[in-house]
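Got chain V sorted already, so can you dock chain A onto it with the hints?
Order-wise, the sequence lines are chains V and A. For the first sequence, full-length UniProt numbering begins at 1 and goes up steadily by one. For the second sequence, full-length UniProt numbering begins at 1 and goes up steadily by one.
Calculated directly from the structure, the hints in this document are not laboratory data. Be aware that one or more of the hints could be misleading.
[Unchecked claim] DEER-style ranges, computed between Cβ atoms:
#1 V:43 - A:234: 45 to 51 Å
#2 V:18 - A:395: 23 to 29 Å
#3 A:63 - V:62: 38 to 44 Å
#4 V:5 - A:68: 32 to 38 Å
#5 A:66 - V:70: 35 to 41 Å
[Unchecked claim] A few chain A positions that, by computed beta-carbon distances, are all more than 10 Å from chain V:
#6 87
#7 175
#8 328
Even for Gly, the Cβ is constructed at its ideal location relative to N, Cα and C.
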Amino acid sequence: MPRRQRDRTLRVDPIKCEGHALCIEAFPEMITRDPWNYPVLNPHPVPDHLLRHAEHAVTVCPVLALRIVTSDRERK
Amino acid sequence: MSAGPRLTATGAAYADLAAHVRCHGPLPATDAAHIIDIVERSGLTGRGGAAFPTGRKLRTVAGNARRSGAVLIANGCEGEPASAKDRSMLTKAPHLILDGITLGARAVGADHAYLCVHEGQDDLLRMLQRAQAERRTAGLPDVELTVTEVPNRYVASEESSLVHLLNGGPALPLSTPPRPFERGVRGRPTLVDNVETLAQLALAVRHGADWFRSAGTPDAPGTVLVTLGGAVAAPGVYEVELGVAGADLLAVAGGPSEPLQAVLAGGYFGAWLRADRFAAAPITSRGLQAAGAAMGAGIFLALPATSCGLAETARIAQYLAEQSANQCGPCLNGLPALADALTVLAHRGGRKPAGTITALSPYVTGRGACRHPDGAVRLINSALTEFAADVRTHAQRGPCQGLRRAPILPVPTPERTATRTGGRVPAEV
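Chain V on its own, in the form it takes in the complex:
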């Protein structure tokens, strides 16, 4: 029986995002700044120990542009 792993990845809706950049302040470990103050997301899954920070970044976005998407894959 293969073990399942749940990946949680950050995703921004580029149309909703207005560059308020609060997510960058909240979660600099995985969200950096582009030259116009818009967030650049680390495409890798959020490690478990940073999940609370990721959730905080989602919460502080004033236009609800940031989400965490979950996907299941088989653990190697």
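For chain A alone, kept in the frame of chain V given last:
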């Protein structure tokens, strides 16, 4: 071409229904499974730019639509300023496209179809009404079809923009997922195909997969409509077999009208190729991608040796920046910054602009809701690569002699549109 023209076989300026049926035969009475099977085996790929396998798209939409029913959008907007093939096809052979719409709708289970064209073409609308009236008189079992006018804007004909418009919104790209084939017009799975693709489909279903594959190459079967422009003897729309070499493609339009330095392959969503590299490249989606360009919507623009490729590209880049929907920050801010840097490089020179372009490009590609910013960045970067010697000349000695020549690539006059999110942010690079 060994097989002779297919889409344009009637040779008429307007093929009415009688001429159309005489040339191509009647609309086939086949079912969905048969249509999808033939199109899959034919190897037909989309002729609007993405070159996605049409059969796979039909099967996916049909599968998604089993309970809800589907919608079909025939995209005849031709957003590329240098392209003329869709309008040419709609004008000369509307019945082939209307056959393709009916067969495509049957394949995916759509009870309603839309034919989207850019606004301001009253002659085309009248002609389409005439064609539809001919079909009603003949009692053809057509799907219900609405001809829809779309605003004249580059990104308005992007597939999610068309879905947005037909759902009552503005013709601007939507955030995806869901893609239209999952959830589109009125929430239904929606097949969006270019009008030439549907015309090709109508021929494949009539004559079979083996016939379809008798032109082109095993990897890229069939014929394709191309728009040849710039410094060629006879610019225009031509039907050619996929897989011909670049040099033979230009020969179809009478060959170069003067010595060339490069060809813009794939239109303003494509890339520059030095003339010698283009001449050897096979005209297929894969062949042009391997060379660093794209098939796009089949647009090929030849640049004379005495023109400035950087200045030509800067004009297009400014146009593409203007045409941003201004919805996504990296596109709204990034495209003008890139276009301005290229304009400075072309018209003033200096060492800094090329560095700015290289530094900003990674912050633009892949960061919009649609592919508009990706295409603009690809075009700009191909200019830096293919005109590398000019980049050095401009950096060291300022603008080149090519600026004395009038630009030859077509760029519509800009119409500034209101931005949604207010002003741009200055780049910190």
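Against the structure, the hints come out as follows:
no.	hint	result
1	V:43 - A:234: 45 to 51 Å	holds, 48 Å
2	V:18 - A:395: 23 to 29 Å	violated, 36 Å
3	A:63 - V:62: 38 to 44 Å	holds, 39 Å
4	V:5 - A:68: 32 to 38 Å	holds, 33 Å
5	A:66 - V:70: 35 to 41 Å	violated, 27 Å
6	87	holds, 30 Å
7	175	violated, 5 Å
8	328	violated, 4 Å
Consistency with the previously given hints fails for numbers 2, 5, 7, 8, ordered from lowest to highest.
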